[in-house]
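Enquirer: Here's the letter readout for the chains.
Protein chains: 2
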Amino acid sequence: MAQRIGQYTLRFDCPPCIHGYASVVGKKEATGPLSGTFDIVNEDSHFGQKSWELAESKMQQLAIETAVHKAGKKVEEMQFILAGDLLNQCVGSSLASVQSGVPYLGLYGACSTMAEGLAVGACLVDGGCAERLAAAASSHFCSAERQYRFPLAYGGQRPPTAQWTATASGAVMLGKEQSHLQITHAILGQMVDMGVKDANNMGAAMAPAAYQTLSALFQDTGHVPGDFDRIITGDLADVGGGLLVDLFLKDGVDITPVYSDCGSMLYGDDQDVHAGGSGCGCSAAVLCGKLLNDMQAGQLKRLVFAGTGALMSPTSIQQGQAIAGICHAVIIERKD
Amino acid sequence: MAQRIGQYTLRFDCPPCIHGYASVVGKKEATGPLSGTFDIVNEDSHFGQKSWELAESKMQQLAIETAVHKAGKKVEEMQFILAGDLLNQCVGSSLASVQSGVPYLGLYGACSTMAEGLAVGACLVDGGCAERLAAAASSHFCSAERQYRFPLAYGGQRPPTAQWTATASGAVMLGKEQSHLQITHAILGQMVDMGVKDANNMGAAMAPAAYQTLSALFQDTGHVPGDFDRIITGDLADVGGGLLVDLFLKDGVDITPVYSDCGSMLYGDDQDVHAGGSGCGCSAAVLCGKLLNDMQAGQLKRLVFAGTGALMSPTSIQQGQAIAGICHAVIIERKD
Numbered sequence: 008m009a010q011r012i013g014q015y016t017l018r019f020d021c022p023p024c025i026h027g028y029a030s031v032v033g034k035k036e037a038t039g040p041l042s043g044t045f046d047i048v049n050e051d052s053h054f055g056q057k058s059w060e061l062a063e064s065k066m067q068q069l070a071i072e073t074a075v076h077k078a079g080k081k082v083e084e085m086q087f088i089l090a091g092d093l094l095n096q097c098v099g100s101s102l103a104s105v106q107s108g109v110p111y112l113g114l115y116g117a118c119s120t121m122a123e124g125l126a127v128g129a130c131l132v133d134g135g136c137a138e139r140l141a142a143a144a145s146s147h148f149c150s151a152e153r154q155y156r157f158p159l160a161y162g163g164q165r166p167p168t169a170q171w172t173a174t175a176s177g178a179v180m181l182g183k184e185q186s187h188l189q190i191t192h193a194i195l196g197q198m199v200d201m202g203v204k205d206a207n208n209m210g211a212a213m214a215p216a217a218y219q220t221l222s223a224l225f226q227d228t229g230h231v232p233g234d235f236d237r238i239i240t241g242d243l244a245d246v247g248g249g250l251l252v253d254l255f256l257k258d259g260v261d262i263t264p265v266y267s268d269c270g271s272m273l274y275g276d277d278q279d280v281h282a283g284g285s286g287c288g289c290s291a292a293v294l295c296g297k298l299l300n301d302m303q304a305g306q307l308k309r310l311v312f313a314g315t316g317a318l319m320s321p322t323s324i325q326q327g328q329a330i331a332g333i334c335h336a337v338i339i340e341r342k343d
Numbered sequence: 008m009a010q011r012i013g014q015y016t017l018r019f020d021c022p023p024c025i026h027g028y029a030s031v032v033g034k035k036e037a038t039g040p041l042s043g044t045f046d047i048v049n050e051d052s053h054f055g056q057k058s059w060e061l062a063e064s065k066m067q068q069l070a071i072e073t074a075v076h077k078a079g080k081k082v083e084e085m086q087f088i089l090a091g092d093l094l095n096q097c098v099g100s101s102l103a104s105v106q107s108g109v110p111y112l113g114l115y116g117a118c119s120t121m122a123e124g125l126a127v128g129a130c131l132v133d134g135g136c137a138e139r140l141a142a143a144a145s146s147h148f149c150s151a152e153r154q155y156r157f158p159l160a161y162g163g164q165r166p167p168t169a170q171w172t173a174t175a176s177g178a179v180m181l182g183k184e185q186s187h188l189q190i191t192h193a194i195l196g197q198m199v200d201m202g203v204k205d206a207n208n209m210g211a212a213m214a215p216a217a218y219q220t221l222s223a224l225f226q227d228t229g230h231v232p233g234d235f236d237r238i239i240t241g242d243l244a245d246v247g248g249g250l251l252v253d254l255f256l257k258d259g260v261d262i263t264p265v266y267s268d269c270g271s272m273l274y275g276d277d278q279d280v281h282a283g284g285s286g287c288g289c290s291a292a293v294l295c296g297k298l299l300n301d302m303q304a305g306q307l308k309r310l311v312f313a314g315t316g317a318l319m320s321p322t323s324i325q326q327g328q329a330i331a332g333i334c335h336a337v338i339i340e341r342k343d
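Here the protein sequences line up with chains A and B, keeping their order.
The working numbering numbers the first residue of the first sequence as 8 and each following residue consecutively.
The working numbering numbers the first residue of the second sequence as 8 and each following residue consecutively.
Here chain A stands alone, though its shape is the one from the complex:
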């Protein structure tokens, strides 16, 4: 059973374990600073498909299959697949798993989806609802660009605060059976609306939500940032990440020694992505590549993975609605 500690945080007495994980990315992501940490790289972002939307589905399908295979299981042995993406009606995820024959739970948390899937998945495993399940998320630069912004060929200008939607997917297989990577805590966040209306500055819209969720996690658990090897958000990128650091500094808390953001980690300064990466797949692939690799290797023992989402649609932006941010988080620990 999960125990609620403090106001928001859930502690799992028999922590659900990570049995397998995998990341799949496009060429741009594979040639950045995290080169070599991904399981599968596609050279042309098409993944052998005839549309960008099908390419995204294929990428997510590959991530799920690879994560499950690395755990020595088959996809059809999963009891649930929890997945989501940025495409309208989340078709990237439904098309990815439609042939799997596995019960499917569609999630929508914008770029927080991977963390939402891990948190809900951990609750389901902990509560006896599943022995094993897969959680996944994806995004694709080309499918997102034409859905949210302009046709690719238009070449629209991007302001310096804009983030670059990653062509990436990550998947985790969680299970009841013990392994040394465990999800010990989860926290589902509330929406925070600070009135940001600029869809080209989503880092600013999400930073207050990350601050709220991480503050609640520290308060509920009694931990301070230094108790963790890394605190990772995804994806506030450079602008939002800087704001998060500032918000904590106002409380006299310096998170910088342990803090990084997936959107800032994925691309190099020479890759012309402006503020950094974004998209459900960005944090999913960084977690399921570099971060879990480092945990697997024993270089990280205790990690906060905090997914941040900007809850908006092109219609809500056109109608002048503010962008609410949300942040869900899990604590992942290595137990030897």
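What the hints contain is simulated information worked out from the structure, not anything from laboratory work.
Hints may be right or wrong, so weigh each one.
One copy or two, either will do: identical chains are not told apart, so a pair holds if it fits within one copy or between any two.
What the hints assert, rightly or not - Straight-line C-alpha distance at most 25 angstroms; calculated DMTMM-like pairs for lysine to aspartate or glutamate:
no.	residue 1	residue 2
1	183	138
2	57	200
3	35	236
4	57	205
5	81	200
6	34	152
7	183	20
8	183	343
9	257	279
10	81	227
11	80	227
12	183	276
13	77	253
Put chain B on the given structure of chain A with help from the hints.
Expert: The following block gives chain B in isolation, referenced to the frame of chain A:
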């Protein structure tokens, strides 16, 4: 703890209870056969808002508030809100609860969303993750029509198999504390793709998924249709409902004595909705109006509520992808 019985069904040993429920609808829905069963009716479908999208949000917000108030609680006492809708990026639901200050879990299951929320919500309550939470879903004819089909003023023709998106929302407050309406079982369904590509015949796309989930539920629990007072799908409407009856008849099982569909119940033959109602709000409002009223009054003791969703987007349809169906279900029992 939940017990997995058979291959897919979860049985809750301490069943999560329904403490409150509410339905909010537009004028067309309120003047149909279920007139008088709804909590709030808005006469002009605007709900005092300046856009159809905000009207939908307001409707869902009212449903959540009313359900929680009927249980003698306040919205801020909820530990989670689980919600979803049909709008791109599920903004109807995020805008509905952005000011609530309650941790928010975004779901996407198309018209199966209310059942998905009840199933996941029951798992969270049962697993100790929440003492009390709200699950909600909504749809609005006008916001759906311009997003999925044509501008309202265009007056596009609809074929006889088309369904009418209900302007409706429903919400349930679930809790650990005992009450006489209980969710005893839940089953999350897998996607079923039978190759249907006609977005004007979503009943046909969803019926095989309903058949699969209900068959699994019967097999896992050992029940036959006659063990239930009612088996309710939502929303297959007239075409899909007929197909579901036929699929069971091929197995020698006649579900007709106990079977109804929310899409067929909501509108009268004289309301020009063709095959019947649809939209996340249709089954949500019929459940949280007529059906739970009848359970509350003791007229129904044991109900299967099976939400059916058509997983597609306008882009996936334009690209020639088939529409996968999905069906999630819960068993609700009255214990005196």
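Enquirer: Of the numbered hints stated previously, which ones are contradicted by the structure, given in increasing order?
Expert: 3, 9, 12, 13
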